[in-house]
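A.B. asks: Working from the sequences, and respecting the hints, build out all of it.
Protein chains: 2
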Amino acid sequence: MAEHSNEEKRSRLSAALSSGAMGQARRMLNGGLPQVDVAHLLEATPPKEREILWGLIDEELRGDVLQYLSEDLQSDFIGRMNAEEVLAATTNLDLDDLVDLLQRLPDAVIGEVLQSMDAQDRHRIELAMAYPEDTAGGIMNTDTITVRPDITLDVVLRYLRWHDQLPDSTDALLVVSRRDDFIGRLPINKLLVADPNITVREVMETDCLKLQATLEDTEVAKLFEKFDLISAPVVDDDNRLLGRVTIDDVVDIIREDAEHTVMSMAGLDEEEDTFSPALKTSRRRAVWLGINLLTAFLASSVIGLFEGTIQQITALAVLMPIVASMGGIGGSQTLTVMIRGIALGHVSGSNLRWLLRRELIAGAINGLIWAVVVAVIAIIWFQDIKLGWIIGTAIIINLLIAALTGTLLPVLLKKMHIDPALSGSVILTTVTDVIGFMAFLGLATMFYLAH
Amino acid sequence: MAEHSNEEKRSRLSAALSSGAMGQARRMLNGGLPQVDVAHLLEATPPKEREILWGLIDEELRGDVLQYLSEDLQSDFIGRMNAEEVLAATTNLDLDDLVDLLQRLPDAVIGEVLQSMDAQDRHRIELAMAYPEDTAGGIMNTDTITVRPDITLDVVLRYLRWHDQLPDSTDALLVVSRRDDFIGRLPINKLLVADPNITVREVMETDCLKLQATLEDTEVAKLFEKFDLISAPVVDDDNRLLGRVTIDDVVDIIREDAEHTVMSMAGLDEEEDTFSPALKTSRRRAVWLGINLLTAFLASSVIGLFEGTIQQITALAVLMPIVASMGGIGGSQTLTVMIRGIALGHVSGSNLRWLLRRELIAGAINGLIWAVVVAVIAIIWFQDIKLGWIIGTAIIINLLIAALTGTLLPVLLKKMHIDPALSGSVILTTVTDVIGFMAFLGLATMFYLAH
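So the sequences go chain by chain: P and H. Residue 389 in the numbering used here sits at position 389 of the first sequence, with consecutive numbering throughout. Residue 163 in the numbering used here sits at position 163 of the second sequence, with consecutive numbering throughout.
Intra- or inter-copy, both count: the list cannot distinguish identical chains.
Below, computed lysine-lysine pairings styled on PhoX-like, alpha-carbon distance capped at 20 Å:
id, residue 1, residue 2
1, K222, K9
2, K226, K9
3, K9, K210
Just so you know, the hints here were simulated from the structure itself, not pulled from any lab data.
C.D. replies: Listed below in structure tokens is the structure:
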């Protein structure tokens with residue numbers, strides 16, 4: 001219901017904007033719509049109209065909107081604000097969201113913002129900014145509620161009632177020693193059902209997961225998925241409690257991680273603004289086109305080696321893209337399965353040999369089937385049996401090489417700490433193009449010259 | 001810490017297995033390792049060894065392991081069990097996980113399993129199975145704790161203490177009328193801080209999100225992400241409370257949805273077992289190779305139209321893959337950005353024109369830049385200025401067509417309810433291959449014949 005009426009409000013806002021009813025639009029942007037919807041609206045709006053929208057949002061609400069925007073847009077908007085404006089916009093933010101935003105600012109402005117905060121807030125922010133953005137420490141919140149192990153649950157319940165509200169995603173209180181050493185967690189659900197007269201120590205869980213502050217965020221996400229967590233404590237090297245990571249941030253990481261794979265396969269950045277201007281867009285994409293151009297020239301130079309053969313038998317020029325294309329498709333199927341297998345932790349040294357054998361067999365089977373089909377078509381088309389043998393053999397060779405490359409390449413890239421999703425398919429198709437042209441034109445040169 | 005020692009246990013298990021210490025391996029599989037780790041181990045093991053592992057797991061623990069397996073493996077194992085074994089394996093499962101498993105069984109076995117359950121369980125399962133697997137009703141759990149609006153919080157707290165434990169991910173109690181109509185939710189966090197003497201009605205949230213049972217699971221996931229939810233109530237058309245969806249299931253959906261995009265781009269199924277046998281693998285992939293072969297022949301037949309020109313100027317055969325490849329890369333960049341934009345809800349009728357213009361401008365800029373580069377190289381390589389003009393023009397044409405196709409194709413496919421991630425790139429590269437060869441060879445025929 002709530003969602004439905006937001007949809008309605010959003011279209012009313014669009015109507016107000018296009019009809020020039022700015023007063024009404026301003027009211028809707030400042031309280032009429034949830035901030036997350038305002039952020040979504042900004043993301044879904046081309047630059048010029050986006051500027052107008054942003055100008056209509058009250059200064060003190062801008063921080064709330066900013067936290068829901070993609071990095072690209074955050075940098076864009078926040079980069080134009082001075083320290084005072086940043087401070088006005090961010091007073092109501094959660095610590096982890098504030099830290100995220102601060103990291104988009106130039107150092108000088110960060111310093112100014114920190115200066116104008118009270119000592120405790122400054123200390124907490126400096127603590128969180130000490131860890132890279134993509135670690136447990138970088139995504140943690142410090143809004144933990146901690147208790148000591150030797151008080152009774154009744155005392156805990158009365159202590160909680162002192163709060164106006166508990167932080168979001170509080171599914172457990174964290175039990176610490178006098179020195180802030182992490183001891184265990186007291187799940188709210190246990191607190192509610194246990195006898196109020198027993199102590200925290202008797203109910204708390206000590207064999208629970210704790211995250212080292214330096215743990216990578218994708219590893220954090222895997223642990224949350226595996227153990228169905230809502231929140232998890234973050235500790236430093238000395239087991240001192242620093243804060244906690246909550247599921248809402250983990251969901252964002254999972255989503256970003258997935259987008260990263262899809263976008264980097266096309267040489268794109270997952271934080272890219274859908275409506276970034278043409279010049280910026282073309283600059284970002286030019287690099288990828290350039291890299292692919294290099295590999296295309298490599299393939300061309302292979303063809304160049306066989307110009308003489310092509311001049312004699314032009315059918316080769318007609319059919320050669322088929323050999324390269326079949327290798328590329330087969331190889332990227334293997335590559336995709338391997339990249340996923342590695343990401344899921346299924347691939348290890350002990351089963352790599354099994355996978356390679358499976359891929360080679362599957363490549364051989366599909367190679368044989370489609371080699372026969374292509375050979376028959378080629379023979380009928382060009383009335384040349386030799387051509388059929390040659391293209392069939394070339395397809396089998398290329399599908400086997402594709403299986404080999406698709407299996408081993410991502411493992412190799414991973415070992416070299418290169419993202420296989422980004423560079424894997426470029427390298428793979430270069431290999432299948434080169435091998436495809438080489439095998440097909442090479443075999444043709446051998447057999448037609450021997451004639 | 002807990003995680004660390006599991007890693008250790010897992011390698012100890014592998015060692016036990018390979019050294020033939022079956023007793024030790026059996027102990028580790030049945031209680032020594034968490035079930036989620038046993039499931040992961042099965043996923044990461046080739047078929048033959050997997051059979052051995054499965055045989056070592058106690059019958060009554062198999063259900064717990066099954067729930068963590070991918071669909072492919074679930075079907076494989078559960079398909080071989082009879083109703084009695086299924087029942088023995090699944091007694092401890094959550095309702096939603098049990099329903100998931102049942103859906104992999106033949107109808108006759110489902111009937112037998114349902115027969116042997118008590119009436120209440122049977123009723124609840126039939127209720128959940130009434131909704132498709134990929135809807136809110138299909139993923140919901142019925143383990144809700146409900147309260148009436150006019151009792152005091154003190155009564156609620158005492159009522160909760162009657163439970164041994166609360167269901168996982170219980171962040172709120174659900175408030176219902178005598179007829180089970182959904183009225184609102186009582187967040188646990190409010191229950192803990194509010195005065196125990198006031199009534200549920202005074203604290204409950206009525207303006208909260210409720211999910212229609214027929215809502216698609218990907219829409220459910222979007223709402224959870226947007227509002228940072230831990231759980232949400234599911235209601236039927238009459239606003240009667242049916243159950244609730246919890247964040248752990250939503251995380252799975254987000255992950256599967258992301259995998260689906262990546263896998264379908266290579267014509268693969270996201271539920272595919274990493275270690276499925278060679279024959280099964282090659283059968284699944286053959287279809288995709290066949291579809292791509294069709295499009296490759298289409299491109300070939302375009303080249304075939306220009307055999308005469310190629311025979312006179314073999315440089316055309318050497319350079320033609322470059323034109324096709326640049327179009328393919330440029331087009332898939334546009335396609336990827338558009339598919340993501342559509343998934344995020346950024347693309348609408350009102351801004352599609354802006355996006356098309358942006359893509360055409362970006363395509364023209366990159367077309368111009370790389371056309372010049374390729375032309376210069378072609379001129380130097382083949383000592384032929386005309387060839388430079390021809391290939392440059394062909395590249396610009398192909399990048400513009402790629403931008404046009406990449407922008408409009410996914411919108412069109414979406415309108416026709418076809419998944420753009422699955423068929424988008426095949427259609428796109430067919431277009432850029434055909435247009436690339438046509439433009440390059442066509443221009444060459446025109447200009448060399450005019451000579």
